[in-house]
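Undergrad: Just need the whole structure built from these sequences, with the hints factored in.
There are 4 protein chains.
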Amino acid sequence: MSGDKFMKPQMDAAALQAFLTSDFPQVGADFSVDRVDADGVTVRLNVTDAHLRPGGTVSGPTMFALADVAMYLAILSRLGPVALAVTTNCSIDFMRKPAANTDMICKARLLKLGRVLAVGDAMIFSDGQDAPVARASLTYSIPPKMMG
Amino acid sequence: MSGDKFMKPQMDAAALQAFLTSDFPQVGADFSVDRVDADGVTVRLNVTDAHLRPGGTVSGPTMFALADVAMYLAILSRLGPVALAVTTNCSIDFMRKPAANTDMICKARLLKLGRVLAVGDAMIFSDGQDAPVARASLTYSIPPKMMG
Amino acid sequence: MSGDKFMKPQMDAAALQAFLTSDFPQVGADFSVDRVDADGVTVRLNVTDAHLRPGGTVSGPTMFALADVAMYLAILSRLGPVALAVTTNCSIDFMRKPAANTDMICKARLLKLGRVLAVGDAMIFSDGQDAPVARASLTYSIPPKMMG
Amino acid sequence: MSGDKFMKPQMDAAALQAFLTSDFPQVGADFSVDRVDADGVTVRLNVTDAHLRPGGTVSGPTMFALADVAMYLAILSRLGPVALAVTTNCSIDFMRKPAANTDMICKARLLKLGRVLAVGDAMIFSDGQDAPVARASLTYSIPPKMMG
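Residue numbers (numbering that gives the first Met the number 0), protein chains in the order written: chain F, 0 to 147; chain H, 0 to 147; chain P, 0 to 147; chain B, 0 to 147.
Don't take every hint at face value.
Given that identical chains are not distinguished, each listed pair holds provided it fits within a single copy or across any two copies.
What the hints assert, rightly or not - With a straight-line cut-off of 25 Å between C-alpha atoms, the simulated SDA-like cross-links for lysine to any residue are:
id : residue 1 : residue 2
1  : K96       : A84
2  : K7        : Q128
3  : K96       : F23
4  : K106      : V85
5  : K7        : M122
6  : K96       : V115
7  : K96       : S140
8  : K96       : I141
9  : K96       : G113
10 : K106      : R52
11 : K96       : T47
12 : K96       : D126
13 : K106      : D129
14 : K7        : D33
15 : K7        : R52
16 : K96       : R77
It is worth saying that the hints were derived from the structure and are not from the lab.
TA: What follows is the structure, encoded as structure tokens:
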């Protein structure tokens with residue numbers, strides 16, 4: 000999509016998963032890195048009761064967390080394991096009710112990886128379904144040191 | 000701010016707190032309804048370890064949840080205890096690092112309460128500080144039956 | 000992308016262009032409908048001096064207008080020539096400087112076409128370039144009568 | 000609201016108006032700077048036929064332009080006449096139909112003025128009415144040299 004030269008991945012799915020487990024022990028087990036590709040990363044929310052609202056559907060804050068983690072990992076996959084990018088904006092649309100008691104899949108796509116800002120969007124699905132449940136765009140501020 | 004006639008509160012802080020405790024048992028204890036006024040409501044996040052990132056600061060998803068709960072309660076304070084308004088969009092800006100291990104205060108303000116959509120904004124502060132940590136705007140879809 | 004049954008186009012590019020010319024005479028000449036497909040529509044901004052900032056780049060409000068027109072036409076392409084959908088939200092990220100004195104291309108994609116709300120996103124490029132200049136997500140309110 | 004020390008205005012309404020006229024000759028006459036205060040600035044859209052949709056209401060792109068100009072001037076009022084801040088994001092909610100053939104008033108409020116990012120929100124009214132027509136939040140990237 001982008002043409003920026005530094006968009007080639009430096010970390011694969013296993014390396015991102017290891018980073019998540021070691022640096023975010025509280026939430027690392029909630030998420031699985033399914034895939035890293037030329038557009039960004041795909042992350043799975045391993046649904047448990049803690050993520051659910053009455054009725055068995057995943058809560059809005061949990062979907063926000065999924066989009067945020069996925070885009071953060073997409074940035075790290077290009078910059079390497081430096082845990083400093085900071086979310087500055089997220090605009091999220093909730094479009095459909097998620098399937099009950101079902102994992103969610105988030106495809107995060109990098110659109111810009113600049114010197115001070117990274118921008119991307121994320122599409123969230125209930126596993127096995129075609130129609131997106133939510134859509135988010137996110138911006139991150141990148142501290143000066145991270146870009147080498 | 001608004002001029003809409005139906006903006007007068009139907010539920011006070013104690014009634015909203017009771018609703019939160021009974022209908023959202025998983026998260027009800029996290030939030031305290033501090034105030035209901037002509038603009039909207041003020042909700043406190045009672046910070047515990049579960050809300051914190053390494054370093055003791057409240058996580059982004061937790062601030063999203065705080066803004067979402069506060070605006071939802073602002074809508075209910077006008078419409079009465081009908082638990083059906085659905086978040087359709089949230090755009091949130093994270094502007095400053097929260098104070099460590101400190102409660103957060105969210106002032107949610109209703110800007111529109113229409114037949115099918117409600118819109119408002121929310122400002123989030125670390126308790127005792129003047130500079131806002133985050134700012135959110137939120138839209139809710141209101142099912143036909145709710146407006147009586 | 001979506002799976003909604005009513006996503007099949009009812010109007011082609013020529014029909015949308017004719018609608019734009021007749022119903023929006025002030026701005027119709029600014030835009031060309033390049034394509035209607037299964038995802039949405041592609042609309043071109045025919046750049047003139049009126050759209051430019053000093054330096055020859057297209058202004059932010061003009062890109063906003065391009066995204067808004069394109070998504071509106073994407074909705075009409077599915078619902079037929081009923082000029083009543085109303086923009087309720089737009090979140091737009093400006094990511095790169097546009098190429099000077101160059102047409103812009105907007106690919107608008109429908110993500111939801113519900114009874115009361117339509118949601119989509121749009122990617123804006125300088126004609127002939129791969130890296131997106133801007134990205135927008137838009138929500139429209141659909142009056143009851145429009146859905147037949 | 001903010002507490003940042005550099006939030007004190009360096010330019011008054013007349014100085015901002017003179018800057019707008021000289022540096023943005025194409026649109027300068029559309030806007031009047033009504034007021035500069037501790038929160039930000041108030042800018043008026045001098046409505047003409049060019050801003051109107053059929054029915055006499057101000058178009059969405061024109062309201063976007065009003066919010067963008069007002070926040071840009073709010074930043075300049077603090078930083079001085081350096082015409083380089085760049086809009087990176089705008090999320091705008093259109094909440095009510097504007098009054099026909101009526102000037103619009105935009106109150107832009109600075110929420111953060113950091114080293115690399117400025118954030119604020121804007122409320123747009125039809126002149127003489129209490130209920131807001133639109134609400135926007137905006138982020139600007141500030142080039143390194145601007146902060147002295």
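Undergrad: Of all the hints given earlier, name the ones this structure violates by number, lowest first.
TA: Number 15 only.
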